[in-house]
Amino acid sequence: MPILDLGYRKWAGGRSREWMRWSVVATTGISLVWRGTWLKRFLLFATFPAIVTMFGVGLFEQSTRDENYRAMFNGFLSSRISPIGPRNRMNRSRDRVPIIAPTADIATQRHLAWSHMLLWYFRYPQALWIVIVIGLVAPRLISYDLRSRGYLLYLSRPLSPQGYVFGKSCVLFFLLAMITTFPALAIYAFGLLLSNDSSAFIQTWDIPFRILLATAVLVLPTSAIALAFSSLTQESRFAAFAWFAVWIVGWVTYLVLTGSAMFNEDDALKLQQRWLLISPYHVLGHLQEEIFGLLPENRHQVGPWILCSVVSIAGFGIARSRVARMLRA
Amino acid sequence: MVKLALSSVGDRERSVTILVRLNSQVPNVIDIFGLTKHYAGNFALKNVDLVVPVGVTGLLGPNGSGKSTFIKAVLGLVKVDTGSGTVLGKPWPRNVKSIRDEIGYLPEDDCYILGLQGIESVQMMARLSGLPTTEALRRAHEVLDFCDVGQERYRNVETYSTGMRQKLKFAQALVHDPKLIILDEPTTGLDPTQREEFLDRIHALAHRFEKSVLLSTHILHDVQQVCEHVIILVRGQIRLVDTLANMQRPSRSGIQVRVVRDAARLAESLRNENLEVACDNDTDLIVQGETSMIAKTVWAASKAQKILVERIDESRNSLEHSFLEIVSEKNHAHS
Numbered sequence: 041m042p043i044l045d046l047g048y049r050k051w052a053g054g055r056s057r058e059w060m061r062w063s064v065v066a067t068t069g070i071s072l073v074w075r076g077t078w079l080k081r082f083l084l085f086a087t088f089p090a091i092v093t094m095f096g097v098g099l100f101e102q103s104t105r106d107e108n109y110r111a112m113f114n115g116f117l118s119s120r121i122s123p124i125g126p127r128n129r130m131n132r133s134r135d136r137v138p139i140i141a142p143t144a145d146i147a148t149q150r151h152l153a154w155s156h157m158l159l160w161y162f163r164y165p166q167a168l169w170i171v172i173v174i175g176l177v178a179p180r181l182i183s184y185d186l187r188s189r190g191y192l193l194y195l196s197r198p199l200s201p202q203g204y205v206f207g208k209s210c211v212l213f214f215l216l217a218m219i220t221t222f223p224a225l226a227i228y229a230f231g232l233l234l235s236n237d238s239s240a241f242i243q244t245w246d247i248p249f250r251i252l253l254a255t256a257v258l259v260l261p262t263s264a265i266a267l268a269f270s271s272l273t274q275e276s277r278f279a280a281f282a283w284f285a286v287w288i289v290g291w292v293t294y295l296v297l298t299g300s301a302m303f304n305e306d307d308a309l310k311l312q313q314r315w316l317l318i319s320p321y322h323v324l325g326h327l328q329e330e331i332f333g334l335l336p337e338n339r340h341q342v343g344p345w346i347l348c349s350v351v352s353i354a355g356f357g358i359a360r361s362r363v364a365r366m367l368r369a
Numbered sequence: 282m283v284k285l286a287l288s289s290v291g292d293r294e295r296s297v298t299i300l301v302r303l304n305s306q307v308p309n310v311i312d313i314f315g316l317t318k319h320y321a322g323n324f325a326l327k328n329v330d331l332v333v334p335v336g337v338t339g340l341l342g343p344n345g346s347g348k349s350t351f352i353k354a355v356l357g358l359v360k361v362d363t364g365s366g367t368v369l370g371k372p373w374p375r376n377v378k379s380i381r382d383e384i385g386y387l388p389e390d391d392c393y394i395l396g397l398q399g400i401e402s403v404q405m406m407a408r409l410s411g412l413p414t415t416e417a418l419r420r421a422h423e424v425l426d427f428c429d430v431g432q433e434r435y436r437n438v439e440t441y442s443t444g445m446r447q448k449l450k451f452a453q454a455l456v457h458d459p460k461l462i463i464l465d466e467p468t469t470g471l472d473p474t475q476r477e478e479f480l481d482r483i484h485a486l487a488h489r490f491e492k493s494v495l496l497s498t499h500i501l502h503d504v505q506q507v508c509e510h511v512i513i514l515v516r517g518q519i520r521l522v523d524t525l526a527n528m529q530r531p532s533r534s535g536i537q538v539r540v541v542r543d544a545a546r547l548a549e550s551l552r553n554e555n556l557e558v559a560c561d562n563d564t565d566l567i568v569q570g571e572t573s574m575i576a577k578t579v580w581a582a583s584k585a586q587k588i589l590v591e592r593i594d595e596s597r598n599s600l601e602h603s604f605l606e607i608v609s610e611k612n613h614a615h616s
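Chains as they are written, first to last, in the numbering used here: chain C, 41 to 369; chain Z, 282 to 616.
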């Protein structure tokens, strides 16, 4: 046997299970996107809203046992940066949604206060970060492979087109979990640590599950749309354009169509319900309000749930069929 | 080496190849029957029955003959209309995913993952075949050394030259130590030295490491250099499956003689000895007849005529000649 042999050598060893091979697509994708400097910066900035929310939760917990903090919390409720600030409270009061009031027995409102703050966290700053981060990462995920025919390398191994698409989706799931799920769970854990008794856990045990469900509702349709766009073109800039266009056009159209509500408060609810499905942002917001238990009963709709399910199935289906079709070319 | 007795029967509607193995101990790597695949009404493969034995097999055919479709069908990358059989002893196409674990595929297309370094690409392919992460990295270095990729392995693959990409794809095909290696136009874009080295590697893999290789190519020289068996595919049908030696055997025995000059004078002298001689130029001639007998006559005639003989070989058909004959036969049939 030679001391040094650079020739070919046989290999025999244990192999991972075939049904887990999608994890290679996921980890390779994550390691590739992680090299982007801008992505890391955005992820860093995306943690700032969590700090604001943690501050709100901390202040709430302190106000339950300290009069001085109670005054500060009342001030926070009235401030512009507050997740449950004056405008939000006014709208919710109009819609007859329970609101947090600076009452003497503030501890009984813990579930409501935490839910409000987490909803604000998901609904406003993180929704924006999700749109930006997906717009930065997702367009390249499949379109680059279509351009360089990299899918042939993946699929010549024991990996199906659906495994490939799932692996690519996991790249987005991971990034979105870093923006939403992990910080939201950290906010919840922070609240528990600051609460003065163990009853806090009993009062709020369902909130982690609501966080996970809210994440799923955010992540599945958005990833599906983004991957479908990415699979439809070899030019990632077209996919990025389509992605941002869907959000901006939906948002603007919704605002225009519900604009008359500014002059007639009575019609506001009716118009918002009628045109809700036009704007992805408002559909997701509606669902999150429902998940966190902050939606009035008279505003419950099945349309947004159906729309999200259809978009998710159709998006992943398009991505899968595009990849499978490329093999035949 | 498996010795094959082989006959081939072809008709215009369907090609049937009967391959009889004398050594039944060694199973074939591919046994596929009734393989049909069509795209938008055109048949890419039409009722193909094919047996690929152990060893290096050349898959030849003109453009659009269905070679790549056949390879993709074996790998399960395209859905076939009909067909069944076994690949590496596993039921095909039912177990196509586990079959892929034992096949190394070098695609014809220029394909790579944007943003990855060479070493990362090979490691990723090893992991896709189930190797643990660290072992995949070690193995990736090992095969890149074998494929003669030096420090370039740390560069991003999109900066590679065509030759480097071919080497990289070869390393990716080998990294999981497959039993069957399918190479689709592997020497495209390589310079002559790289090509020779590439063919040497294929030869070493087949003979020292008992790998079976299916080599799809247009370059007949490559087939002549490394292949033991040849399959010719024309318009989605198998036209021939044979050993290279059989293909090159002429219909009549004889010898090829190369002289320094005056081949015509030597030919005339041999004709006077009642031998059948063909002479196209001033240096080469082909003499028909029983090899051992005519060799002596040729020596005697050259001595008498004072003509210097450079070389005497057993007469062989050229692969080019056989290939063109088979392809043109099919074209005539269609016209």
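Wrong hints could be hidden among the right ones.
Below are the EDC-like pairs computed for lysine to aspartate or glutamate, each with C-alpha atoms no more than 20 Å apart in a straight line [said to hold, decoys possible]:
hint : chain 1 : residue 1 : chain 2 : residue 2
1    : Z       : Lys584    : Z       : Glu554
2    : Z       : Lys371    : Z       : Glu383
3    : Z       : Lys577    : Z       : Glu557
4    : Z       : Lys378    : Z       : Asp458
5    : C       : Lys50     : Z       : Glu416
6    : Z       : Lys584    : Z       : Asp594
7    : Z       : Lys587    : Z       : Asp543
8    : Z       : Lys577    : Z       : Glu549
9    : C       : Lys50     : Z       : Glu383
10   : Z       : Lys460    : Z       : Glu491
11   : Z       : Lys460    : Z       : Asp382
12   : Z       : Lys587    : Z       : Glu554
13   : C       : Lys50     : Z       : Glu491
14   : C       : Lys50     : Z       : Asp429
15   : C       : Lys50     : Z       : Asp543
16   : Z       : Lys577    : Z       : Asp543
17   : Z       : Lys460    : C       : Glu58
18   : C       : Lys50     : Z       : Asp481
19   : C       : Lys50     : Z       : Asp458
20   : Z       : Lys378    : C       : Glu58
21   : C       : Lys50     : Z       : Glu423
22   : C       : Lys310    : C       : Glu330
23   : Z       : Lys460    : Z       : Glu423
24   : C       : Lys50     : Z       : Asp382
25   : Z       : Lys371    : C       : Glu330
Quick caveat, the hints were computed from the structure, so don't treat them as lab data.
Going down the list of hints, with the structure as the test:
1. Lys584/Z with Glu554/Z: Given that 20 Å is the threshold and the Cα spacing comes to 14 Å, the pair holds.
2. Lys371/Z with Glu383/Z: Distance ~10 Å between Lys371/Z and Glu383/Z Cα, so the pair holds.
3. Lys577/Z with Glu557/Z: Holds - the C-alpha atoms of Glu557/Z and Lys577/Z are around 15 Å apart, at most 20 Å.
4. Lys378/Z with Asp458/Z: holds, 16 Å
5. Lys50/C with Glu416/Z: holds, 13 Å
6. Lys584/Z with Asp594/Z: holds, 18 Å
7. Lys587/Z with Asp543/Z: With Cα atoms ~10 Å apart, Lys587/Z and Asp543/Z stay inside 20 Å; holds.
8. Lys577/Z with Glu549/Z: With a Cα-Cα distance of about 16 Å, the restraint between Lys577/Z and Glu549/Z holds, given a limit of 20 Å.
9. Lys50/C with Glu383/Z: Cα-Cα ~13 Å, so holds.
10. Lys460/Z with Glu491/Z: holds, 8 Å
11. Lys460/Z with Asp382/Z: With Cα atoms ~9 Å apart, Lys460/Z and Asp382/Z stay inside 20 Å; holds.
12. Lys587/Z with Glu554/Z: With a Cα-Cα distance of about 17 Å, the restraint between Lys587/Z and Glu554/Z holds, given a limit of 20 Å.
13. Lys50/C with Glu491/Z: The given pair, whose Cα atoms are some 10 Å apart, holds under the 20 Å limit.
14. Lys50/C with Asp429/Z: The hint holds at about 17 Å.
15. Lys50/C with Asp543/Z: The given pair, whose Cα atoms are some 55 Å apart, is violated under the 20 Å limit.
16. Lys577/Z with Asp543/Z: The given pair, whose Cα atoms are some 19 Å apart, holds under the 20 Å limit.
17. Lys460/Z with Glu58/C: holds, 18 Å
18. Lys50/C with Asp481/Z: Within the cut-off at roughly 18 Å; holds.
19. Lys50/C with Asp458/Z: holds, 6 Å
20. Lys378/Z with Glu58/C: holds, 8 Å
21. Lys50/C with Glu423/Z: Holds. Lys50/C to Glu423/Z sits at ~10 Å (cutoff 20 Å).
22. Lys310/C with Glu330/C: holds, 18 Å
23. Lys460/Z with Glu423/Z: holds, 18 Å
24. Lys50/C with Asp382/Z: Within the cut-off at roughly 15 Å; holds.
25. Lys371/Z with Glu330/C: Distance ~52 Å between Lys371/Z and Glu330/C Cα, so the pair is violated.
Hints 15 and 25, counting from the list given before, are not met by this structure.
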